[in-house]
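Q: Sequence:
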Amino acid sequence: MTMKKLVLLPLIFGLLAFLWSCNNRQPKENQTIVSGQLQVLVDETLSPIMEEQVAVFEHLYKRTDVALSVGQENQIVSKLVNTDVEVVVLTRQLNEDEMKFFEARQFRPRVHKFATDAIALIVNKNSPDSVVHVDDIIRVMRGKQPAGHVNRLVFDNPNSSTVRFLKELAGVDSLPDKGVYAMKSNADVLKYVYETPQTMGVLGISWIVRPDSTLQMYADGVKVLGVRNQAGKPGSDGFYKPSQSNLAEGHYPLSRSVYIVNAEPRKSLGMGFAAFLTGVTGQRIILKSGLMPDSLPPRELIIRSK
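Each step along the sequence shown adds one to the number in numbering that gives the first Met the number 0, with nothing skipped, and position 227 is 226.
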């Protein structure tokens, strides 16, 4: 019996070592900065451009699987600090209270700006209005009557980043009882403005520039307003539309930065995806989307002599 044990023990240890190495090697092969699975929660106002980014990323890196889901800003931040998700795309940075959740775990998320977005104000194509003053938007947000023809402001969701942005702009803590309405999504805003005159919609510019085939008719039936800022602020000398040049020069009043927040405690696919968004290919996709890339991709000119 003793001899049998002496013979079997090396075999057993060898088998256990083999199984252990297989189990530990598999995650390393699957979870790298260019392979594995990743869940990304993104602000719904940015979903058209992020869907395109994910499609190109997965095409270039065949061993990646990025599950993109959309949500409202409050929901996204809540899931991030509760570690329900580790990578998110937001139109603001985390505040001090939110950072405390990570500092308690002795960890700081990696935050990368990769674009400048614009909040677009849209009206029905037949509306007589083509421009709006920021002061009029503030009046509506404070429950007062604006100067123009539009008397209803329509948001995608009461907890969205666009609501938070305009509440901060107007200096209010809550939405007024009249003049402001909330739908369920940016697509709903687009459809509602298309069907309802005297309504001003608030949504991310990529929903106008890059609508999918189901929304193209609605995008064609609305127009984007030029916006004039308050006196003494950039963009107060005229009415500016959310074009890339106006975003680059800081003229458009309703612009905001876009960030990817990576709270993975390890070097994994989230780091690779962030590098892609801030790299040349990701920035070219941003450039084509109507948003302003954080760094302009280089252009190569080939000059031939005759």
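Among the hints, a few may not be true.
To be verified - Beta-carbon label-pair distances, calculated as ranges:
| hint | residue 1 | residue 2 | range |
| --- | --- | --- | --- |
| 1 | Met216 | Glu102 | 44 to 52 Å |
| 2 | Ser235 | Lys266 | 24 to 32 Å |
| 3 | Thr195 | Arg163 | 20 to 28 Å |
| 4 | Asn73 | Gly170 | 14 to 22 Å |
| 5 | Gly249 | Asp64 | 15 to 23 Å |
| 6 | Asn150 | Arg109 | 41 to 49 Å |
| 7 | Asn73 | Phe106 | 17 to 25 Å |
Just so you know, these hints were derived from the structure itself, not from any lab. Built from N, CA and C at the ideal position, the CB exists for glycine as well.
Q: Against the structure, test the hints numbered earlier, and report the numbers of the ones violated in rising order.
A: 2, 5
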